[in-house]
Amino acid sequence: MSFFRRKGKGKDQDKPDVKIFRAQAPASVHSPSRSPKNNALLEAAGPSYVAINAISANMDSYSSSRTAALKKHPMHMEATHFGDLGRSCLKYEAQETKSSLSKSLDQVLQDNVALPYFIQFMELRRMEHLVKFWLEAKSFHSTTWSRIRAYSLNTVKHSSLAEPVSPSLKRPDLSLASVDEQSQDFSKIPHHTSRLKGPDTGAKQDSASNHLGTKQKTRGPPSIHLELCPDQTLPHNEQSSMHTTSAKNTPTHTGLKDMSQKFMKSIERDAVHTFTKYISPDAAKPIPISEEIRSDIVAKICGEDGQVDPNCFVTAQSIVFDAMEQEHFQEFLRSHHFCKYQIEVLTSGTVYLADILFCESALFYFSEYMEKEDAVNILQFWLAADNFQSQLAAKNGQYDGQEAQNDAMILYDKYFSLQATHPLGFDDSVRLEIESNICREGGPLPNCFTTPLRQAWTTMEKVFLPGFLSSNLYYKYLNDLIHSVRGDDYSWSGAGNPSQGGQGTPNHSPYISAADNPGSQPGVKKSNVKILKNFDEAIIVEAASLDPESLYQRAYAGFYVLPSYEEMGPRKL
Amino acid sequence: MSETYDFLFKFLVIGSAGTGKSCLLHQFIENKFKQDSNHTIGVEFGSRIVNVGGKSVKLQIWDTAGQERFRSVTRSYYRGAAGALLVYDIASRETYNALTNWLTDARTLASPNIIIILCGNKKDLDADREVTFLEASRFAQENELMFLETSALTGENVEEAFLKCARTILSKIESGELDPERMWSGIQYGDASPRHAKHSHGTQQQNRQQCNC
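Line by line, the protein sequences give chains A and B. With UniProt numbering applied, the first sequence corresponds to residues 1 to 573, in that order. With UniProt numbering applied, the second sequence corresponds to residues 1 to 213, in that order.
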């Protein structure tokens with residue numbers, strides 16, 4: 001699936017560019033001001049002068065097609081930002097920047113393989129309530145929005161104005177158009193969210209809506225509605241679901257109202273539960289937030305309109321996230337828990353290039369490998385161009401175009417220019433595309449080097465990754481991970497850790513076991529299999545020390561299912 | 001490019017923009033001054049093999065962009081470095097004043113135990129000096145850093161800075177203070193390492209322990 005998307009994106013980008021350049025090729029060839037190819041070494045000032053001259057020549061040859069280019073460009077932007085393909089592109093890029101060997105706290109919290117190790121680590125520091133609160137708040141937030149969305153969809157179904165399948169972008173309008181007052185009330189909440197969080201939230205919501213829309217197209221409304229409940233709602237809501245079914249048979253206003261009340265009650269109950277457990281001054285282990293924020297949360301749970309704000313925990317969640325990141329996460333990355341996780345990833349199945357390039361410890365070994373293979377320039381280019389695009393994208397369009405152009409020209413002079421100091425062998429069409437991207441009015445865009453980046457990526461993935469994974473350097477990398485774990489385990493046991501006493505306990509949570517088992521596949525090497533067996537025991541024993549509260553377990557398990565589902569696709573391919 | 005070595009160390013070169021980080025790297029690797037004045041985009045790395053106390057050591061040196069706009073992306077390459085050159089420009093008080101921030105980043109993101117040498121670069125511009133040797137020396141002492149003034153232009157003390165750092169790391173390995181096989185140490189054994197035998201021996205021990213389990 002990922003591979004297909006990658007191809008699709010490539011086609012989308014290449015077609016318009018190819019057309020433009022084909023039209024311009026004759027002009028370029030015959031342009032008298034174009035510099036002839038010259039491999040001779042030039043003086044220090046030479047490269048810059050020739051590069052500038054080359055750019056001028058290309059700009060001159062483009063002048064006749066400037067109007068056509070400008071017309072093309074807006075369409076491209078439109079497709080990227082608003083079309084379905086644009087969303088696919090975003091997903092593609094998002095996937096490419098993730099390493100299973102994990103890089104940031106945000107990624108750990110969403111990775112169902114890494115998360116148990118982080119929880120274990122936090123338990124050793126007596127700070128596991130921070131992680132648990134964050135997970136419950138996230139679960140509450142996403143399930144509440146899902147329930148509201150499901151309810152809105154159901155309401156729309158009862159409206160004569162609604163179509164069975166509607167594009168995700170038009171759904172809010174349909175909700176607004178509905179005569180029913182209930183749907184109008186709920187449609188206000190999404191807008192509120194958008195204003196609070198800005199574009200990022202919008203993107204996430206669009207993604208979720210698109211997901212629902214996709215399901216809707218393939219399976220039809222009734223099955224979708226039923227499928228949502230088992231994964232994301234508590235037993236109480238299963239009852240609501242049954243009621244919904246009967247309401248469908250008898251579409252009365254009274255039925256809708258009744259369901260609405262139960263629906264709001266369940267949300268409120270979830271919110272109060274989380275509040276009582278982690279935020280209340282009487283909580284066994286309250287999270288570190290100020291009284292002001294606590295009052296704000298109370299106000300959002302017990303609002304004047306009787307509705308619970310789905311974002312009531314967002315502020316506290318952000319504070320807890322920052323606390324975990326600043327005080328604990330760096331130590332986690334240096335801990336044997338994280339090494340165990342990395343070993344599990346590296347021995348459980350396929351290792352991808354992203355796993356190496358976005359993990360600094362692996363990159364240390366891969367860099368050395370690329371140097372031995374005399375291919376270090378490809379990696380160098382990818383690192384520099386990726387850094388350029390990352391810092392530009394992080395500015396969300398608010399950047400100095402001239403400064404960005406200067407940065408881009410440095411990379412161009414080094415890797416693309418006819419007098420490049422580190423030529424990589426990109427063909428003329430790529431070089432011309434880059435020249436066009438750099439000289440764009442207003443400065444280059446964050447996707448300025450995407451085409452050559454993709455080519456460099458593919459080269460490293462197809463040509464060099466397989467060799468690395470069977471190289472001596474890779475073996476050393478695994479050995480260092482294993483050595484780190486064994487060393488820490490020894491000193492850890494020697495310290496007489498309290499959880500050691502729990503090793504004999506037969507009791508352990510079935511949910512934890514279920515979550516851990518998929519990642520515990522036997523490795524190819526004999527020694528690794530034994531290590532994994534040893535780890536399984538440790539994991540299970542430590543899991544036993546978790547609180548066995550039933551509500552928590554169910555929420556916990558529910559949280560696990562979603563990420564697994566979303567991450568299944570790329571690995572299969 | 002297929003030379004053998006006993007150890008491979010990961011090094012960082014960090015500091016404010018324009019202090020001469022890339023020129024130091026270029027001077028160390030190519031033994032000449034880097035003529036083009038382009039600033040670094042994100043991160044680059046180079047390597048060279050040196051002889052330290054009878055051991056052949058390959059230094060994998062990561063040169064980072066000093067511009068503020070690249071700060072958030074370059075930090076992700078700090079982790080797992082064994083040593084670092086912390087560079088300021090002796091003719092720029094501003095770059096010296098920023099050292100505390102760079103030092104905090106290095107110790108937080110790389111490792112609390114990273115071996116750092118403070119480099120006061122552009123020693124050849126003594127006439128424009130804004131930071132005295134004594135002042136910087138005191139800063140280095142207070143923060144447990146080694147200290148040298150260098151000139152990437154003339155090459156003075158450039159190689160010495162890298163060697164001094166590598167020598168310190170090597171002595172910590174030999175004293176057992178640093179474990180090369182630990183993840184994030186920023187150290188790899190090379191193919192020619194005489195400790196390779198010990199390496200294999202360690203592996204065998206691990207195998208035995210696993211069998212016992």
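Treat the hints with care, as some may be off.
As the list claims (entries may be wrong) - Just so you have them, the derived chain B footprint on chain A, three or more residues with Cβ under 8 Å:
no.: 1; segment: 272–284
no.: 2; segment: 353–365
no.: 3; segment: 406–414
Since the hints were made in silico from the structure, they are not lab data. In this text, a Cβ means the ideal position worked out from N, Cα and C, and glycines have one as well.
Hint check, failures only: 1
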